[in-house]
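Protein chains: 2
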Amino acid sequence: MPERITSRENGKIKYACKLAQSAAFRLEEKAFFAEGLKLCLELAKSCPIKVIYYTEKALAKSPELKRFDCEQYLVQDHVAEKLAGTQSNQGVFAVFGQPSANFLDLPHNGRFLALERVQDPGNVGALIRSAAAFGFDGVILSPGCADPFGPKVLRASMGAAGRMPVVTCPNLADAMAQLRAWGSTCLAAALYNSRPLNEVDGAYPNGVCVVIGSEGQGLSDGVIAACDAAVRIPITGKVESLNASVAGSVLLWHFRGEIQ
Amino acid sequence: MPERITSRENGKIKYACKLAQSAAFRLEEKAFFAEGLKLCLELAKSCPIKVIYYTEKALAKSPELKRFDCEQYLVQDHVAEKLAGTQSNQGVFAVFGQPSANFLDLPHNGRFLALERVQDPGNVGALIRSAAAFGFDGVILSPGCADPFGPKVLRASMGAAGRMPVVTCPNLADAMAQLRAWGSTCLAAALYNSRPLNEVDGAYPNGVCVVIGSEGQGLSDGVIAACDAAVRIPITGKVESLNASVAGSVLLWHFRGEIQ
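Protein chains in written order, with the UniProt record's numbering: chain A, 1 to 260; chain B, 1 to 260.
Think of the hints as simulated: they come from the structure by calculation, not from any bench. Predicted, not measured: the structure shown is a model, and the values here were computed from it. Some clues are possibly wrong.
A pair holds if it fits inside one copy or across any two, identical chains being indistinguishable in the list.
[What the hints assert, rightly or not] Dumping the calculated DSS-like pairs for lysine-lysine here, alpha-carbon to alpha-carbon at most 30 Å:
hint, residue 1, residue 2
1, K82, K12
2, K238, K30
3, K45, K238
4, K38, K152
5, K50, K152
6, K238, K14
7, K18, K30
8, K152, K82
9, K238, K61
10, K38, K66
11, K45, K152
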């Protein structure tokens, strides 16, 4: 039988909560925390599972949870509430090791999504999910983006961050220069001095990187200058702008890779 | 000078709160409530403004608020908090008349978005925003969709619901039959027995209706059967599905109208 945890002050619980709350601690530990049966099962396909926590009720519903080859803890409902930060939780939680990914290991001639200072976790998550769905080979983040292994991003991405390399680069303009040196075309999403998407070819056999800025600020001039060209999604005058994850996903669909 | 409201129990405040909270009351009053300077200014371009409420601070920042030809109230900060339901508000609120729209007045040969039981206000709002952005002529809702004039939908749509007819039909399958009788093609978004989007022509000069179901359930069999054909967005096996407003917006982009 798995060990029981009855106290919210248990060290194993505090460790999980700290992983959920602190991006710096996740980086230090090369680990992250996820909540929810479906998300945990999905992540377990691509990331090493280290610890699993479940309530008695959750285990009765999903006895397969016991099969994971990792530390296991049966937690009381009030402990699950602390892990979840909410009463309405599914009683399934896990700690995973972060997949290691390096910019220099990214496939040359691949398709990439790059984000500059996109802070909203829902947008970062939805964009990672769309990139995985549309045959992209990886995601490149500037400093200041929401952590791809934070709880809200994991939820919005449905765990796609485990299925694809996601790397953070100290300087996004330098990363674009490197991709271009490898033969890729870097396309900045920008409203001005840009070509409308419907006039831009979607096929880039030597690789392409779609570069997107934050909802409020867009891309910095430095990153735009480091790209080959800029593209925009033409819209009517009836609205000022599109939702950020919608706009990015329409671009990703246009520049999609092979979908098998 | 505008009349001052110092009590949270003032009838004009209670009326606005009831509009914010109750879809049935909005329908009865043919009115709705909106919060935020940008959203209110945007909505005022397309919907009749009936009442405007602002704090002293908000008026000092945006003196143009006084120019609206409608009832005006200067509200104390604690009253603004009641209107907003939160402390962090911009101190600008308004009541608008709902634009009236009828299914039978929709332009024949137009482009439409139809939603069946899409309950999430963020998704309904983002989809209305995308439809307006991509040159659609209106939105058709089944019963059970989030109210397009509810506060969360207004925020997610950035007021686009005022710029386009949005109609609710008692029976979506009947509405599709009527659109087809007018010569339009109705396309159901469905994962099975459907054609991949990249193999489907986007131009429908006689009109097209893109029909989307809820994130969890998809479209009902009856609505799918009432359409001409079904389409799906092909995705890799790395994710199970796309975010609902992303998926709908990619379809809307593909079937976009003229964008001027």
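Broken hints, by number: Violated hint (a single one): 6; every other hint is consistent with the structure.
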